[in-house]
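Participant: Okay, here's what each chain looks like letter by letter:
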Amino acid sequence: MTIASLKFRVLYRQFLFRLMDVELLSASASGDASELLGQFGALLVFGSLVLSMGAIGTVYVTGEPGVSQEALAAVTWSSERFMVSVTMLVVGVFALLSWDSTFLDRRDVLVLAPLPLRGATLCAAKIAAAASALGLTVLAWNSLAGFVWPLALAPPAARESSRRCG
Amino acid sequence: MTLELRNVSKRFTGILAVDSVSFEARAGEITGYLGPNGSGKSTTMKMITGLIETTAGDIFFDGKPIRGDLHGFKQRMGYVPEEPYLYSHLSGLEYLIMVGQLRDLPAKPAARRIDRLLSLLSLHGDRHAPLSAYSKGMRQKVLLSAALLHNPDLILLDEPFSGLDVGTGLVLRSLIQELAARGKVVLFSSHELETVERVSSHVVILHRGKVVADDSIERLRTLMHLPTLAEIFAQLAVEQDTAAISGEIADLILYRW
Chain R
-6 MTIASLKFRV
4 LYRQFLFRLM
14 DVELLSASAS
24 GDASELLGQF
34 GALLVFGSLV
44 LSMGAIGTVY
54 VTGEPGVSQE
64 ALAAVTWSSE
74 RFMVSVTMLV
84 VGVFALLSWD
94 STFLDRRDVL
104 VLAPLPLRGA
114 TLCAAKIAAA
124 ASALGLTVLA
134 WNSLAGFVWP
144 LALAPPAARE
154 SSRRCG
Chain A
900 MTLELRNVSK
910 RFTGILAVDS
920 VSFEARAGEI
930 TGYLGPNGSG
940 KSTTMKMITG
950 LIETTAGDIF
960 FDGKPIRGDL
970 HGFKQRMGYV
980 PEEPYLYSHL
990 SGLEYLIMVG
1000 QLRDLPAKPA
1010 ARRIDRLLSL
1020 LSLHGDRHAP
1030 LSAYSKGMRQ
1040 KVLLSAALLH
1050 NPDLILLDEP
1060 FSGLDVGTGL
1070 VLRSLIQELA
1080 ARGKVVLFSS
1090 HELETVERVS
1100 SHVVILHRGK
1110 VVADDSIERL
1120 RTLMHLPTLA
1130 EIFAQLAVEQ
1140 DTAAISGEIA
1150 DLILYRW
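Residue numbers (the numbering used here), protein chains in the order written: chain R, -6 to 159; chain A, 900 to 1156.
It should be emphasised that the hints constitute simulated quantities derived from the structure, not laboratory data. Predicted model, so just to flag it, every value in this text is computed and none were measured. Hints are not guaranteed to be accurate.
Keeping only pairs whose Cα atoms sit at most 25 Å apart, straight-line, the calculated DMTMM-like set for lysine to aspartate or glutamate is [as the list claims (entries may be wrong)]:
(1) K1109/A to E928/A
(2) K1035/A to D98/R
(3) K963/A to E982/A
(4) K1035/A to E73/R
Listing some non-contacts, in silico: residues in chain R with all C-beta distances to chain A over 12 Å [what the hints assert, rightly or not]:
(5) L4
(6) G31
(7) W70
(8) V86
(9) P109
By construction, the Cβ of each residue, glycine as well, lies at the ideal position given by its N, Cα and C atoms.
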């Protein structure tokens, strides 16, 4: 590993942690980075689990015999819109909470400026940390709902064929 | 090896914080940088470390302008800032490992050095505790360890005794002398004039952003016919009548209404 990539990794880890460093969580994480990331991920997965519960009700509606194609399409579209909206909301709330951590703050400057670091490495690590944090948030949020909802919204015929295959 | 400032100035939106400051700090010598609050000491330190840009003038280290190779200069510099800012979610050990990695130090020897530094500064027992739980003095010790970890040629100490207990303060005082004796350039600012007088061979006194004295303490004593650095400092940089002000404050709080 080159020196530049090692520095990038060290900074990336610090910045990623600080993006997740929401006061609500960091108080109980007591300085443990992996614990804090775990808590943050668990919080999102729990939200995803709650969201997946809605899929059960949908299965009953779309599984009824004699459901018209229009009604099925309406349920599917509204559910998809709901999923996309909720994901956007979660990303928005996360961006709001971590807004201060997205840029170098006074602490970063005082800690990192006396060290021999290139500006490009600092910026790349910050951007990578912000992109990763948003990506991980979307992934964790949709980890369960992303599987359960497509199954629930599949047309009855497809569900029937998958049951037969299984 | 010399740190040299030539006519360095810093202006903050109309306020001239540092006004054409020039001095030299040489290897093997401890240069005390003194001045009242707001005289521009920390601003000068921040300009030397590259934390803030100079408005005018140049800073040279080892004969070369630091702006020419700031990255290379920072590899040779250790800095203890006035404000003990740290990543408080890390433990003392994690913080020093991070600094070692960012300074390209080899992992195993750096780990051994960190372990030894933490032991010598009585932090070994708390090395896994988060920095948020450290006292100010403990944070200062971490900053000192971080500044010395890479064996720098230039050591900048901005109020290094702040928050330290008596024992550690005495260790630091000896350490500064030891480092200078081993050929390091040491520049330190402090309000503890007695310590500066004991430790420094050369002092620079700043007042309202300007250098008002730049000489050895011995020569200043002789020139000004004053016995102590405190009296020299009071004559050059203290404008207030300290006895009158303290008397007025006492009168004010003791007044019965």
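Participant: None of the hints should be skipped; say for each whether it holds.
Facilitator: Hint by hint, here is what the structure shows:
1. Distance check on the hinted pair: K1109/A and E928/A sit about 22 Å apart at the alpha-carbon level, within 25 Å; holds.
2. As the CA atoms of K1035/A and D98/R are separated by approximately 21 Å, the hinted pair is consistent with the 25 Å bound.
3. As the CA atoms of K963/A and E982/A are separated by approximately 29 Å, the hinted pair breaks the 25 Å bound.
4. Proximity of K1035/A to E73/R is assessed by CA-CA distance (about 53 Å); at most 25 Å being required, the pair is judged violated.
5. At the 12 Å boundary, the C-beta of L4/R falls inside the reach of chain A, the nearest C-beta of that chain being 8 Å off.
6. Every Cβ of chain A is farther than 12 Å from the Cβ of G31/R; the closest lies at roughly 14 Å, confirming the non-interface assignment.
7. W70/R, annotated as away from the interface, keeps every beta carbon of chain A farther than 12 Å; the closest lies near 44 Å.
8. No beta-carbon of chain A comes within 12 Å of the beta-carbon of V86/R; the shortest separation is about 22 Å.
9. At roughly 4 Å, the least C-beta separation between P109/R and chain A is not larger than 12 Å, which violates its mark as non-interface.
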